[in-house]
Structure formats: structure tokens, C-alpha cells
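K.L.:
Residue numbers (my numbering), protein chains in the order written: chain A, 1 to 246; chain B, 1 to 232.
Source of the hints: derived by calculation from the structure; they are not laboratory data. Heads up, some of the hints might be wrong.
Unchecked claim - Only part of the chain A face toward chain B is listed, based on derived beta-carbon distances under 7 Å:
1) F138
2) G142
3) M144
4) A159
5) R224
Said to hold, decoys possible - Some but not every residue of chain A turned toward chain B, in silico, with C-beta under 10 Å:
6) L109
7) T111
8) S113
9) I150
Unchecked claim - Just a sample of chain A residues kept apart from chain B, beta carbon distances all over 12 Å, derived:
10) M22
11) P24
12) A149
13) R155
14) I169
15) V220
Backbone N, C-alpha and C fix where the C-beta goes; we use that ideal spot for every residue, glycine too.
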Amino acid sequence: MNWTWFHRLGSPPHFFRIAGKMVPWLAWLAAIAGAAGLVGALGTAPPDYQQGEGYRIIFVHVPSAVLSTLAYAVMAAAAAVGLVWRMNVAHAIAASSAAVGAWFTFVALATGSLWGRPMWGTYWEWDPRLTSELVLLFLYLGYMGLRSAIDDTARADRASAVLALVGVINLPIIHYSVDWWNSLHQGHTLLKFGKASMPPSMLVPLLLMMLAFMLYFAAVLLVRARGEVLRRERNARWVIEAIGAR
Amino acid sequence: MSAADTRRVSSGRAGWLLVQRDLRLGLRRPGDWLQPLLFFLVVTTLFPLATDPQLSRLRDIAPGALWVAALLSSLLALELLFRDDGQDGSLEQLAVSGLPLSWLLLAKTCVHWLLTGLPLVLVAPIVATALGAPYAAIPGILAALLLGSVALSLIGAIGAGLTLGLRRGGVLLALLVLPLAVPVLIFGARATALAIALEPMAAPMYLLGALAVLSATLAPFAAAAAVRISLE
Numbered sequence: 001m002n003w004t005w006f007h008r009l010g011s012p013p014h015f016f017r018i019a020g021k022m023v024p025w026l027a028w029l030a031a032i033a034g035a036a037g038l039v040g041a042l043g044t045a046p047p048d049y050q051q052g053e054g055y056r057i058i059f060v061h062v063p064s065a066v067l068s069t070l071a072y073a074v075m076a077a078a079a080a081v082g083l084v085w086r087m088n089v090a091h092a093i094a095a096s097s098a099a100v101g102a103w104f105t106f107v108a109l110a111t112g113s114l115w116g117r118p119m120w121g122t123y124w125e126w127d128p129r130l131t132s133e134l135v136l137l138f139l140y141l142g143y144m145g146l147r148s149a150i151d152d153t154a155r156a157d158r159a160s161a162v163l164a165l166v167g168v169i170n171l172p173i174i175h176y177s178v179d180w181w182n183s184l185h186q187g188h189t190l191l192k193f194g195k196a197s198m199p200p201s202m203l204v205p206l207l208l209m210m211l212a213f214m215l216y217f218a219a220v221l222l223v224r225a226r227g228e229v230l231r232r233e234r235n236a237r238w239v240i241e242a243i244g245a246r
Numbered sequence: 001m002s003a004a005d006t007r008r009v010s011s012g013r014a015g016w017l018l019v020q021r022d023l024r025l026g027l028r029r030p031g032d033w034l035q036p037l038l039f040f041l042v043v044t045t046l047f048p049l050a051t052d053p054q055l056s057r058l059r060d061i062a063p064g065a066l067w068v069a070a071l072l073s074s075l076l077a078l079e080l081l082f083r084d085d086g087q088d089g090s091l092e093q094l095a096v097s098g099l100p101l102s103w104l105l106l107a108k109t110c111v112h113w114l115l116t117g118l119p120l121v122l123v124a125p126i127v128a129t130a131l132g133a134p135y136a137a138i139p140g141i142l143a144a145l146l147l148g149s150v151a152l153s154l155i156g157a158i159g160a161g162l163t164l165g166l167r168r169g170g171v172l173l174a175l176l177v178l179p180l181a182v183p184v185l186i187f188g189a190r191a192t193a194l195a196i197a198l199e200p201m202a203a204p205m206y207l208l209g210a211l212a213v214l215s216a217t218l219a220p221f222a223a224a225a226a227v228r229i230s231l232e
């Protein structure tokens, strides 16, 4: 297998160019999928027979929750690549993914708590999935805290990469221990094998919203990573040429 | 000792020598490891003062109080783990010794547990009794704290390695380690609650044991990677 594309991505100018070309595509696709998903979510999907109109928050809540873990996985994978191949671009991606992931986690928590008010009658319930989401937020904040506490970029990259990998091993353990500890959250709806327990008129908008969130994440991640690469390479000749400074 | 002699020391012997050295250094400075212990006692004393001092009520919060206090006290003690050796360069010598650093750090962590974890386990029966736990629950509480404190020391070693030499290390250490300690806290407190209720506590104890074994297997490698990065 030819790995030159992988090594070329490790070169900051090349990554900066490729990412710059991909961002508009991803952003537009995210906008289209999001618009279609919202039409389905707020318009054509019928009200739930138990939860009425209130359930519609899942079209934001579930994608954010999925993205909050996906962003952590991206962060950890990029951190591992950066640690093994000492690839600066991968570290830049890991650093950019943390803040976006933390924000998705916050959105998932906030929408979950707003949804909890009409459904459970309380804004916050010590429900396992809300709680493990909260712990995930703390993991993100710890990662960002460690990164900002170390002045030397190379050391910050490698130390936070170790933390991200430790966190990735711990996340399932935290998830299942919290599950075991207390359970109230409704069971999995999407990941049931066989028949999904949701009619297509709800499922299709939900999947569209998820796709839109993923594309949005990719676009924002690349924008942030480009900025991060520029910051790291600020003294390099190609940066001065690329941004057209003197 | 010349360089040629050093090379002949086996990893096992080096680990044992390190255990002896750290134990001797630790025992000469009792203040260092007595402070986390005192902290544990003070925090557990605060719980009855802040809540209802009736023993029947205290019994309900005893597991939580014990484990939160144990967690905070182990966190406080973590700064001792690599601080002195990091400052005087001994840690650097261990890293360049050519011996597996993960193994040496495991030895250091063992001593750290002996000095800060074990005393806490030993005073726990007194604290638990004061919080209303029946005498029959004491063996169970001891066993749960024994396993849990081992896991906490090992997980903490990663955080201590990552924050080695940082200015605001203490608070950051708490932010890094506490989320990772959540499973230990959950199973430990659950086991303790079952012990106090005099019910079978095998399920959380197995999981606590699994956590201790898992962290003993993986944490030294992560801690070694963290220490190497911090020493660069």
C-alpha cells in the first residue's frame, strides 16, 4: 500500500492547502443536510404519542451526544498518530478537536437537561448517561487545562496526547460503571438490531441531523486546525507566502 | 559505583533497591505522609458536623464520606510522589538508567501507597465506626479500601507524571485525576454501602479488584511515558 498521501498530509503547507479546499465543501454539505433535517425534524415528523412536541429536542440532543464522543475519538486517534509518528499536524488536529468536542458535550448536557424538565419533571437527574456525559466534559476540560498549563508546545502536545489515550481507555469503564450505578435514561433506540423502534418519519430527519452535525464538526475542525497550524508555523516562509503578508 | 557496575543491576534488584531507598527517605520525613492521613481524619470529621450527627443517619452517608475523603486525601498525597525526586534530578537518573522506567515507577508507586494509602486503610475502621458502621462491616470496608486505594495511587501516578514541574500543578492534578477515579469511587462506595448493610458485596469487590489489576498493568506504562515527556 502506498503511504505517501499520509506522509504528505503531515506536511503543514500541504495540509493547510488541502484543508482549505475541503472546508467550503464540508460546510455547504452540512448546511444542506442540516436544512433538510430541520424541515423533517420540525415539520414533517409527527408529534410523539407520549411526549408530544417536546421530543423534538432529540434532533439536536442526540447528534450532539454522538459528536461529543466522536470528537473525543478523533482527538485520541490524532493524538496517537502525533505521538507515534511525531506529526505536528496530527497534534494540531487533536488540539482543535478538544474545544469543539467540549462544546458538543455542553450542548448535549444543556439540551438533555432542558428535555428532562418536561419529561422527568426536573432539570437535572443523576442519570447515568447525563452523568457520564458530565464526566466526559471534565475530561475535555482537563485535557485543555493540561495543554494550556504547559508553555512549550511540543511538551504540551505529547503530555496531552498521553492524557487523551488514558482517557480513551477509561471512557468505556466510566460509562459502564456509571450505567451500573444508576439507571433511568430511556434505553437505546437507534442501536437496536433489527427493527429500529422509531418510525422512518422521525428516523430520517434524525439521521440527516447527525450527518449535518458530523459534516459541521469536520468543517469546524479543519478551520481550527488550519489556524493552529498557522500559529505553530508562524515563522515559516510558506506561511508568510500563503497569507500574503510582507 | 562505576558505570559498568550499574549495568549489571537487574531490573528486579533495582526495583527492590528503589523500594528500600524510598521507604527509608519517607520514614525519615513522617510529616509528609502523616499530613494526608490527618486530612482524611479531618474531612471525615466534618461530615457529621455538616449533616445530622445521629448514627442512624450517618450510616447512610458513611460510604460516600469515607470514599470522597479517601479520594481527596490520595490526591493531596500525589504531589509527594515525584516532587522531590523530580527536583533533585533522581527521577532523571532513573529515566536514563537503561532500566524499564515503568517498572521503577511501579516500585515508587508501591512505596507511595505503603506510606499514604495503607495508613489510611488502617485508620478507616475507626472512622467507619465513628460514622455508625457496625463492627461486622469492618472487614468488608477494609478490603474495599485496600483495593481502591491501590487503584487510586496507580491512576494518580499518571497525573503526577503529567503535571511534574508545572506551576499550577496541584489544581490541575485534581482536574486530571478525579474524572479518571470515578469508577473506583462508584464501586468502592457501593461495596462499602453493602458492607455496612451487611449484605453480600462480591459484585462490586470483583469490579474493584479488576480496576486495581487493570491500573497496575497499564498505569505504570502511561506514567513512564508521562514522566519522560515531563523531563524532556
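K.L.:
It remains to establish, for every hint, whether it holds in the given structure.
P.N.:
Each hint, compared with the structure:
Satisfaction of the interface hint for F138 of chain A is found here, the shortest Cβ-Cβ separation to chain B being roughly 4 Å, below the 7 Å cut-off. At a threshold of 7 Å, the smallest CB-CB gap from G142 of chain A to chain B is about 5 Å, leaving the interface hint in force. Residue-level restraint check for M144 of chain A is violated (minimum Cβ-Cβ distance to chain B is 10 Å; threshold 7 Å). For A159 of chain A, the interface hint holds, since its Cβ comes within 7 Å of a Cβ in chain B; the closest pair sits about 5 Å apart.
The beta carbon of R224 of chain A comes no nearer than 22 Å to any beta carbon in chain B, farther than 7 Å, and the hint placing it at the interface is violated. Given hint, L109 of chain A at the interface with chain B, is violated; its Cβ is 15 Å from that chain's nearest Cβ, farther than 10 Å. Violation of the interface hint for T111 of chain A is found here, the shortest Cβ-Cβ separation to chain B being roughly 22 Å, above the 10 Å cut-off. Interface hint status for S113 of chain A: violated, as the beta-carbon distance to the closest one in chain B is roughly 19 Å, over 10 Å.
Restraint check, I150 of chain A versus chain B: the minimum CB separation of about 7 Å is within 10 Å; hint holds. Distance check on M22 of chain A: its Cβ is at least 32 Å (rounded) from any Cβ of chain B, clearing the 12 Å threshold; non-interface status holds. With a least CB separation of 37 Å from chain B, P24 of chain A remains clear of the 12 Å interface cut-off, as annotated. Against the 12 Å criterion, A149 of chain A falls within the reach of chain B, whose nearest CB is about 5 Å from its own CB.
Under the 12 Å C-beta cut-off, the non-interface status given to R155 of chain A relative to chain B is violated; the minimum distance is some 6 Å. Listed as outside the interface, I169 of chain A is inconsistent with that label: its C-beta sits roughly 7 Å from the nearest C-beta of chain B, within the 12 Å cut-off. In this structure V220 of chain A is separated from chain B by more than 12 Å, as the shortest Cβ-Cβ distance comes to about 25 Å.
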